[in-house]
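Starting from the known structure of chain W, fit chain V onto it as the hints suggest.
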Amino acid sequence: MSSEQEQESIRCLVAKVGLDGHDRGAHVIARAFRDAGFEVIYSGLHKAPEEIVQAAVQEDVDVLGISILSGAHDTLIPKIMDGLEEYGAKEDTLVLAGGVIPEEDRDELKAQGVSAIFGPGTSVAETIDFVRENAPER
Amino acid sequence: MSDDELLEGLLAGEHRALARVISKIENRAPGYRELVSALYAHTGEADVIGITGSPGAGKSTLVDKLAETYRDRGETVGIIAIDPSSPFTGGAVLGDRIRMASTVGDMDVFVRSMSARGTLGGLSTATADAVKAMDAFGKDKIIIETVGAGQNEIDIVRTADTVAVLVPPGSGDEIQTLKAGILEIADVFVVNKADRDGTDRTVQELRDMIQLDDGGGTSGGAGGGGGHHSQEVIDAHDDWDPEDDADEAEPEGWTTPIVETVATTGTGVEELIDEFANHRQYLVDSGEHAEQVRGRYAEEIRTLLREDVHAVLEDRLEAAGGIDDLAEAVREGETDPYAIADDLLTPVEECIDELETGNGNRGED
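Chains W and V, in that order, are what the protein sequence lines are. Quick note on the numbering used here: the first sequence kicks off at 957 and runs consecutively. Quick note on the numbering used here: the second sequence kicks off at 29 and runs consecutively.
Hints listed in this document are in silico derivations from the structure and should not be mistaken for laboratory results. Model, not experiment: these values are computed from the prediction. The hints are all genuine.
When the alpha-carbon atoms are kept at most 20 Å apart in a straight line, the in silico EDC-like pairs for lysine to aspartate or glutamate are as follows:
no., chain 1, residue 1, chain 2, residue 2
1, W, LYS1035, W, ASP1063
2, W, LYS1035, V, ASP134
3, W, LYS1066, W, ASP1030
4, W, LYS1066, W, ASP1038
5, W, LYS1046, V, GLU42
6, W, LYS1066, W, GLU1047
7, W, LYS1046, V, GLU33
8, W, LYS1035, W, GLU1006
9, W, LYS1066, W, GLU1089
Stretch-level coverage of chain W by chain V, calculated; a stretch enters the list once three of its residues show a Cβ under 8 Å from a Cβ in chain V:
no., stretch
10, 963-972
11, 975-989
12, 992-1000
13, 1009-1018
14, 1039-1051
Here are the computed distance ranges between Cβ atoms for each label pair:
no., chain 1, residue 1, chain 2, residue 2, range
15, V, ASP134, W, GLY1044, 16 to 24 Å
16, W, GLY1077, V, MET135, 37 to 45 Å
17, W, GLN963, V, VAL337, 15 to 23 Å
18, W, SER1079, V, THR374, 49 to 57 Å
19, V, GLY226, W, GLU1060, 54 to 62 Å
20, W, SER1079, V, GLY84, 30 to 38 Å
21, W, SER1079, V, VAL337, 43 to 51 Å
22, W, PRO1092, V, PRO83, 32 to 40 Å
Each residue gets a CB set at the ideal place from its N, CA and C atoms; glycine is no exception.
Just chain W, with the same shape it has in the complex (with noise of 0.2 Å):
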């Protein structure tokens, strides 16, 4: 029917993986995407790799923004990709990184897959258009 009108609603998952227990930067993201209009789901705290790539699967996020503080990124992220691709999923996710993360590490991080590194001092308003602008059409 050609009046039906689609619903469609960026979908995003802010995940915070690994040890670090400091999340203060997540929520603040997360309710920012909240916000801008997005659907956010946060994973809570102290999650392992594969309890994220779960989660974005089954919920089917377009966008997986991960919040690594505690400099294990270069172990923890590639772990991330290699789940989503294995469900088929690492084609078309927008995969952000934010937190501490060195300039030195970020060009491996890029090769992996992720499309944006997002360091401390970034604008949330940036964040967000970025998001806008590259979420994977589908």
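Below, chain V without anything else, positioned relative to chain W:
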């Protein structure tokens, strides 16, 4: 992935395909109707359980424990967790997943968060369709979890066969406020957080209320096996007519049980699952299940028709210059809403009439 591939993948048990189909349903993406339509042939196996109750009653934690217990019994579980969305931005934080920790990493528990998008009962339609997707996928148990706050939520839990309402201890006054809405849809009451003060009192208050509902104590020995239908009665009810049996004072009716649970430790969860099974058995034995399913399909047909007619009307409005101009004309006193509705609909009605008489006349030409 094409829709055919999606359907094939879903029926083959691919999680990504199930997730995608639910997204299509939520988005009302092109082709979603054909997809859902194709799902019907594969549904009907799952038990659908609705869990509702006020915020903070412990729904998500209990759902988590229910899922864990079902998994221990070798059954697969689908969970649909409904959260509200902002009426202003449409945004939502869907937070129930966090509290479902026991089953994390187990793909045979498929948790999907949903929020309200759009209007006109869209969420309950989307929920019912998502239940169908999980049913066709092969889930044994499907749990719908929703906050019991309003009419919309009641519509959603009605898509379940069995509805459990959580009542936290010490909520005597709350029971009063809930009475008119959410309590009367309960098939099972759950007093969760039963290790807290006030549990006994809340259980007692619920018991009193249930007895009042039973129309003056029909259920002296509640829960006994004496009142079950004989096989003949069941057979006779094969062609169940709701008119015959509308009388609620029937002694063999379902008496809402009260189960005490402590979801954080899993206490009482086995008993609760037993009560779900009892209720399921009751539904089938009494013939109520057939009636329930029929009622649900009737509602689905009505909703779809309403949506389609709504779309036709939107086209009419567009053709008439758009709602804004019409509203402005009313504001300026040139016309009124009733006249506009009449103007727009009369040609549609005439058209339908003509079609019907046209068909009738064809033979005489």
